[in-house]
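Undergrad: Heads up: the sequence lines are chains A and B, in that order.
Counting from 1 along the first sequence, just add 120 to a position and that's the residue number in this note's numbering.
Counting from 1 along the second sequence, just add 120 to a position and that's the residue number in this note's numbering.
Heads up, a few of these hints could be off.
If chains are identical, the list can't say which one is meant, so a pair holds when it fits in one copy or spans any two.
[What the hints assert, rightly or not] The calculated SDA-like cross-link candidates involving lysine to any residue, where the alpha carbons are at most 20 Å apart (straight line), are:
#, residue 1, residue 2
1, LYS402, ASP367
2, LYS325, GLU133
3, LYS325, GLU196
4, LYS402, ARG371
5, LYS402, PRO143
6, LYS402, ALA124
7, LYS325, ALA551
8, LYS402, GLY463
9, LYS402, GLU154
10, LYS325, GLU156
11, LYS402, VAL240
12, LYS402, VAL548
13, LYS325, ARG410
14, LYS325, ARG176
15, LYS325, VAL442
16, LYS325, ILE211
17, LYS325, GLU244
18, LYS325, ALA134
19, LYS325, GLY272
Please keep in mind that the hints were generated in silico from the structure rather than gathered at the bench.
Protein chains: 2
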Amino acid sequence: MTLAIHDWSQLGEAARAALLERPAPAAGAALAAEVEAIIAQVRAGGDPALRELTRRLDGVELASATVAAEEFAAAEAALAPAAHAAIERAIGNVRRFHEAQQSAPLEVETSPGVRCARLVRPIEAVGLYVPAGSAPLPSAAIMLAVPAALAGCPTRVLCTPPRRDGRADPAVLVAARRCGVERVYKVGGAQAIAALAYGTATIPKVDKIFGPGNAWVTAAKLRVAADPAGAALDLPAGPSEVLVIADGSARAEFVAADLLAQAEHDPAAQVILVTTSAALAKATVAELERQQPRLTRRAITARALAASRAIVVADLATAFAVSNRYAPEHLILEIDAPRDWLGEVRAAGSVFLGHWSPETIGDYCSGTNHVLPTYGYARAYSGLALADFQRRITVQELTPAGLRDLGPVAVTLAGLEGLDAHAAAVQVRLAALAAPEAA
Amino acid sequence: MTLAIHDWSQLGEAARAALLERPAPAAGAALAAEVEAIIAQVRAGGDPALRELTRRLDGVELASATVAAEEFAAAEAALAPAAHAAIERAIGNVRRFHEAQQSAPLEVETSPGVRCARLVRPIEAVGLYVPAGSAPLPSAAIMLAVPAALAGCPTRVLCTPPRRDGRADPAVLVAARRCGVERVYKVGGAQAIAALAYGTATIPKVDKIFGPGNAWVTAAKLRVAADPAGAALDLPAGPSEVLVIADGSARAEFVAADLLAQAEHDPAAQVILVTTSAALAKATVAELERQQPRLTRRAITARALAASRAIVVADLATAFAVSNRYAPEHLILEIDAPRDWLGEVRAAGSVFLGHWSPETIGDYCSGTNHVLPTYGYARAYSGLALADFQRRITVQELTPAGLRDLGPVAVTLAGLEGLDAHAAAVQVRLAALAAPEAA
């Protein structure tokens, strides 16, 4: 059995809630203590501690974690021309979509003589983490490095775990370099996050750390983000998810393939089909059983699908209500006229419209960012964007006339708050303006 | 002695670093445990637990935490016409600056037949926390409620601690209601954060919590944000800060008043003057001594100023380098032609230009948001903006031709990552398109 089918209209509120529940987060006290110890070791021991942790945790002895010119060159040579071309096209699309996110200059005269503006500045130093656990992820390098370059972050550093042979994944290296990241270090896990957050002699300290990772990486990112001397993080992370809304127009073959693509990420990956067609639900189950045995990662997909569910609903309005309640990372609309329904999407990371927009395309090369809010975080968070690599600084300038006009308002409000030094900073200037030798 | 004067050029690197250091965060293990217990009590006990905590921690017995129509009406009547008018003007300016932050629709054809877009959605439920510890802060209500209303967040809830008489501060109530917040609850501290994050019978659960607060509030916000079932937070918070850059054109009287306005917030408030003029530094010390005794909160300002410092630098370029290294929440440029130097500002929360733009104006009514990154967080975070009340959802749609063109790129990249189910989700569609009966 791959996909349990439920009839939404037959379920009570408790059963509905249970159906949309996510698994409890994996991180426990033991993992937290381990991560804490790794961070402490890296802060105290620097590069030698990193070397020791890489030996112990990755089983690799590295003379240097730094990827040298020779290794970059070997990676370029190792990749087939089609791979180079695919990386290039993905970068181009991701660049075009993120370039369009540049914010226009903002300057407003809020009152006569009171000008407010907003400056945009790149974050000075960013750390990009590219995992390579069950699969190396050159696509993650693209999703992180392209907006970092567009934002103009002066220091861009990438960490990725070494393979057993002591090398980094060549596709990750090619993608990183093609996105303008020249500083790549072969360090993974919590130790990489610690090195980026606090710096070592080799690895520069960064202000913010981006990228997906396993439970250790996630726990370490949360830990260093809670320390003002550490580094901010991009997004809280959980297992990857897809919710497919399908009507009678959907093809079971496509729906099943999309569910399997999600399921192969992780045994904890969440896979949900919401459909108005009981026939489609059944056909999808049959397709899953047909397609799954061909997959390399079928042991993973089988475990993920065991926890998956198909929900049959009365109409599309209900389907969207279910989806909004779940707030999926990825939402695929395998329905006719999906644009007509876009207004109903209240919470999701990224949406895929129609029968010809598989989620795979968003993972790699449509142009949208694939770092997205999981685990219901889409209720409060957005996927990665250019703005996450920037800061916005507000600015205000008052003319003497502007202060004469607006100053008394501030004095009154300061009075309501009992803050007379706040009032005095305005009054001392109003007095100077009232004096004959005023500016 | 109110302000120690240091000559930057005479200091070694260690002394410079020490001079720009912030006090260690107050939050300790004892406070964390207390906050944890309060959160657990509210989750388990709901409204009765809140009532009990309000009795114990605020010393007030409240029949209901809900601010009723009668209390709103009494607040309206209690405020002087000038106070109403000032609140109105502040709201107007804040609204104008945040309205200008509405993002334009974003839609890009990244490749032929591949359209990517971005939707903007309000966060469904937001919690606004308005402290009333050493001072009630109607200005905070404005800074939180105006962007929440502009974003269109459907559920907007405000919590603020009750006064000893069981009422909420009338100015906070008037400001809240004028910004379109009708649901106000008299609950403060960690218990308010717990109620907002998890909900009670009376207080709705929210997706994200905004607003400043003391160490308990901050610890509680961090705690519930780390729980996927809790609520996200706006910004990590630390003591408020100002850094003034002043040259020979500055008036010591203004500079001193600005430093005192910052110092009155909190004994831990950070106050730094960086100036090219040793004479101005001395004159500012004299002014501080002259102005401080007049202030109501002089006990607080004296403690804050005891930890403050004036740094004399050789030139303005050095002054900006010092400021960027510190990354202040508020940066006041009391120099001639401050706009010429704006390009040098790399890290700050909000900048005040010239001699007629006191920070007080930004706290209340210039239009910029006064919820800003403190404690060096300006290196990675930005002040509160309209976008913080919204989520951005990406969308992609491929035509059959678009998939035919871009699909093979995704297949190649999936191959590099060893994810064949990802590839299959594209291939199954490419095969359908190649078949004669293709869509």
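Undergrad: Take the hints in turn and mark each one as holding or not.
TA: Evaluated hints:
1. LYS402 <-> ASP367: within (13 Å within a copy, 76 Å between copies)
2. LYS325 <-> GLU133: between (49 Å within a copy, 18 Å between copies)
3. LYS325 <-> GLU196: neither (28 Å within a copy, 52 Å between copies)
4. LYS402 <-> ARG371: within (12 Å within a copy, 79 Å between copies)
5. LYS402 <-> PRO143: The answer is neither: 25 Å in one copy and 63 Å across copies each exceed 20 Å.
6. LYS402 <-> ALA124: within (10 Å within a copy, 77 Å between copies)
7. LYS325 <-> ALA551: Neither. Shortest intra-copy (48 Å) and inter-copy (48 Å) distances fail the 20 Å Cα cut-off.
8. LYS402 <-> GLY463: neither (29 Å within a copy, 62 Å between copies)
9. LYS402 <-> GLU154: neither (45 Å within a copy, 52 Å between copies)
10. LYS325 <-> GLU156: within (18 Å within a copy, 32 Å between copies)
11. LYS402 <-> VAL240: neither (52 Å within a copy, 35 Å between copies)
12. LYS402 <-> VAL548: Cα proximity of LYS402 and VAL548: across copies only (19 Å, versus 77 Å in one copy).
13. LYS325 <-> ARG410: neither (50 Å within a copy, 44 Å between copies)
14. LYS325 <-> ARG176: Answer is neither; intra-copy 23 Å and inter-copy 44 Å both fail.
15. LYS325 <-> VAL442: Between. Shortest inter-copy distance 19 Å satisfies the 20 Å Cα cut-off; intra-copy 43 Å does not.
16. LYS325 <-> ILE211: neither (26 Å within a copy, 41 Å between copies)
17. LYS325 <-> GLU244: Within one copy only: 10 Å inside a chain, 37 Å across chains, cut-off 20 Å.
18. LYS325 <-> ALA134: So LYS325 and ALA134 pass the 20 Å test across copies only (18 Å; inside, 48 Å).
19. LYS325 <-> GLY272: Classified as within; 17 Å inside a copy, 39 Å across copies.
Against the hints set out earlier in the document, violations occur for numbers 3, 5, 7, 8, 9, 11, 13, 14, 16.
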